[in-house]
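Protein sequences, first through last, are from chains Z and B.
Under my numbering, the first residue of the first sequence is numbered 889, with each subsequent residue one higher.
Under my numbering, the first residue of the second sequence is numbered 889, with each subsequent residue one higher.
Worth double-checking, as some hints may not be accurate.
Copies of the same chain look alike in the list, so a pair counts if it works inside one copy or between any two.
[Stated by the list, open to error] The calculated EDC-like cross-link candidates involving lysine to aspartate or glutamate, where the alpha carbons are at most 20 Å apart (straight line), are:
hint: 1; residue 1: Lys956; residue 2: Asp923
hint: 2; residue 1: Lys1040; residue 2: Asp914
hint: 3; residue 1: Lys967; residue 2: Glu944
hint: 4; residue 1: Lys1048; residue 2: Asp934
hint: 5; residue 1: Lys1048; residue 2: Glu918
hint: 6; residue 1: Lys921; residue 2: Glu1045
hint: 7; residue 1: Lys1040; residue 2: Glu952
hint: 8; residue 1: Lys1040; residue 2: Glu1018
hint: 9; residue 1: Lys941; residue 2: Glu918
hint: 10; residue 1: Lys1048; residue 2: Glu944
hint: 11; residue 1: Lys974; residue 2: Glu952
hint: 12; residue 1: Lys941; residue 2: Asp989
hint: 13; residue 1: Lys1048; residue 2: Asp923
hint: 14; residue 1: Lys1040; residue 2: Asp905
hint: 15; residue 1: Lys941; residue 2: Asp1002
hint: 16; residue 1: Lys967; residue 2: Glu1045
hint: 17; residue 1: Lys1040; residue 2: Asp989
hint: 18; residue 1: Lys890; residue 2: Glu1018
hint: 19; residue 1: Lys974; residue 2: Glu1045
hint: 20; residue 1: Lys968; residue 2: Glu952
These are calculated hints, taken from the structure and not from any lab test.
Predicted model only: the values in this text are computed from it and were never measured.
Protein chains: 2
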Amino acid sequence: MKNSVFIATSLDGFIADINGGIGWLDSIPEINKIDTGYTAFTSHIDALVMGRKTFETVLSFGIEWPYKMPVFVLSSTLKKVPSELKQKVFVINGNLIQILDQIHQQGFHQLYIDGGTLIQNFIREDLIDEITITIIPILLGAGIPLFGSHSKSLAFECVKTTLFIDKIVQNKFVRVRS
Amino acid sequence: MKNSVFIATSLDGFIADINGGIGWLDSIPEINKIDTGYTAFTSHIDALVMGRKTFETVLSFGIEWPYKMPVFVLSSTLKKVPSELKQKVFVINGNLIQILDQIHQQGFHQLYIDGGTLIQNFIREDLIDEITITIIPILLGAGIPLFGSHSKSLAFECVKTTLFIDKIVQNKFVRVRS
Chain Z
889 MKNSVFIATS LDGFIADING GIGWLDSIPE INKIDTGYTA FTSHIDALVM GRKTFETVLS
949 FGIEWPYKMP VFVLSSTLKK VPSELKQKVF VINGNLIQIL DQIHQQGFHQ LYIDGGTLIQ
1009 NFIREDLIDE ITITIIPILL GAGIPLFGSH SKSLAFECVK TTLFIDKIVQ NKFVRVRS
Chain B
889 MKNSVFIATS LDGFIADING GIGWLDSIPE INKIDTGYTA FTSHIDALVM GRKTFETVLS
949 FGIEWPYKMP VFVLSSTLKK VPSELKQKVF VINGNLIQIL DQIHQQGFHQ LYIDGGTLIQ
1009 NFIREDLIDE ITITIIPILL GAGIPLFGSH SKSLAFECVK TTLFIDKIVQ NKFVRVRS
């Protein structure tokens, strides 16, 4: 069982600007032409777990549903999903241990954890095993940070680093539990 | 002329813990046995510029003065330095443009900018050309951040990445001015 994060941040560690915008991701237009490993990453993933806000953000794009894998949306308020997504999106709630139990019992063990709030909650309970961060090298100066506050320090190791088009770097970290 | 930063941060971007401590830098003891490029970096440096707090922190270590290069300490309150450092440490004050002028006029052009507050002030005025960050892969959860807030976003490029002992990653970014 493994919980993985695969995300882009600014050089100063933000996942969105101060208004929640991600237009700065396009500050290096070539990024859309290169493979930063998302397909390879998701090929090892059984299901995606996201928070309600991230789910609503994805819906707001008005594009075709972008995920082939089952998506679990963690929410205590969301009651239903658009009918065309009923076979693809499943609302769950409970504490993180409970929802992981539910997901594991359905046979999904390699999980992709997405969304700022949910990632921070997973980290706070030391439930993240792997974090791949693609750094878009821009200093935004303000925004929504990837990492939040927690009281216990957590040790990782960087196991891989990749430089793309001499501009963008991707670092992969794995949790070391002693 | 170039202003460079060479610094270590935690995975969540802190240069010191919440009490200003840096004991977590030793969370990977092997780091003291490897060359992460500090000597190569300083071989291209003419002088070091630091803030008063960083200067006082270095003095508080009670060790032999660790810098061979001239050190400029930016302070409006510090009046004198310990007598044994008089040939090595120079107090300057003024705004950043003024102090850079003073330093350049003395023939020092390749500058190493150090200390959390001073680095943030340099970035706020877009005066940093190069940032090398060695990421110690620990999530501290709280601390003193490397990057601060500013209103204008600044574009960089990652030009080099190096993985040390399959644990620690170092990313070098250079400012791109259009």
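Now the hints, each set against the structure:
Within a single copy, Lys956 and Asp923 get their C-alpha atoms as close as 18 Å, which meets the 20 Å cut-off; across copies the closest is 45 Å, which misses it. In the homo-oligomer, the alpha carbons of Lys1040 and Asp914 lie at most 20 Å apart only across protomers (16 Å), although the nearest pairing inside one protomer, at 35 Å, exceeds that limit. Taking CA atoms no more than 20 Å apart as the test, Lys967 paired with Glu944 passes inside one copy only; the shortest distance there is 13 Å, against 58 Å between copies. Taking CA atoms no more than 20 Å apart as the test, Lys1048 paired with Asp934 passes in neither setting, with 22 Å inside one copy and 33 Å between copies.
Taking identical chains as interchangeable, the C-alpha atoms of Lys1048 and Glu918 lie at most 20 Å apart only when they sit on different chains, with a minimum of 18 Å there against 22 Å within one chain. Proximity of Lys921 and Glu1045 under a CA criterion of 20 Å is satisfied inter-copy only: 17 Å between copies versus 29 Å inside one chain copy. In this homomeric assembly, Lys1040 and Glu952 never come within 20 Å of each other (Cα to Cα): the closest approach is 40 Å inside a single copy and 34 Å across copies. For a Cα distance limit of 20 Å, the shortest separation of Lys1040 from Glu1018 inside one copy, 17 Å, qualifies, whereas the shortest one across copies, 32 Å, does not.
In the homo-oligomer, the alpha carbons of Lys941 and Glu918 never lie at most 20 Å apart, since the shortest distance is 28 Å inside one protomer and 41 Å across protomers. In this assembly of identical chains, Lys1048 and Glu944 lie within 20 Å of each other by CA distance neither inside one copy nor across copies; the values are 32 Å within and 37 Å between. Taking identical chains as interchangeable, the C-alpha atoms of Lys974 and Glu952 lie at most 20 Å apart only when both belong to the same chain, with a minimum of 14 Å there against 68 Å between chains. In this assembly of identical chains, the alpha carbons of Lys941 and Asp989 never lie at most 20 Å apart, being 22 Å within a copy and 49 Å across copies at closest.
With identical chains, the CA atoms of Lys1048 and Asp923 are at most 20 Å apart both within one copy (16 Å) and between copies (19 Å). In this assembly of identical chains, Lys1040 and Asp905 lie within 20 Å of each other by CA distance solely across copies; the values are 12 Å between and 27 Å within a copy. Proximity of Lys941 and Asp1002 under a CA criterion of 20 Å is satisfied intra-copy only: 11 Å inside one chain copy versus 39 Å between copies. Proximity of Lys967 and Glu1045 under a CA criterion of 20 Å is satisfied in neither setting, with 39 Å inside one chain copy and 44 Å between copies.
When the C-alpha separation of Lys1040 and Asp989 is checked against a cutoff of 20 Å, the pair qualifies neither within a copy, at 24 Å, nor between copies, at 45 Å. Within a single copy, Lys890 and Glu1018 get their C-alpha atoms as close as 8 Å, which meets the 20 Å cut-off; across copies the closest is 36 Å, which misses it. For a Cα distance limit of 20 Å, the shortest separation of Lys974 from Glu1045 qualifies neither inside one copy, at 39 Å, nor across copies, at 42 Å. For the homomeric pair Lys968 and Glu952, the shortest alpha-carbon distance inside one copy (18 Å) is at most 20 Å, but the shortest distance between copies (67 Å) is not.
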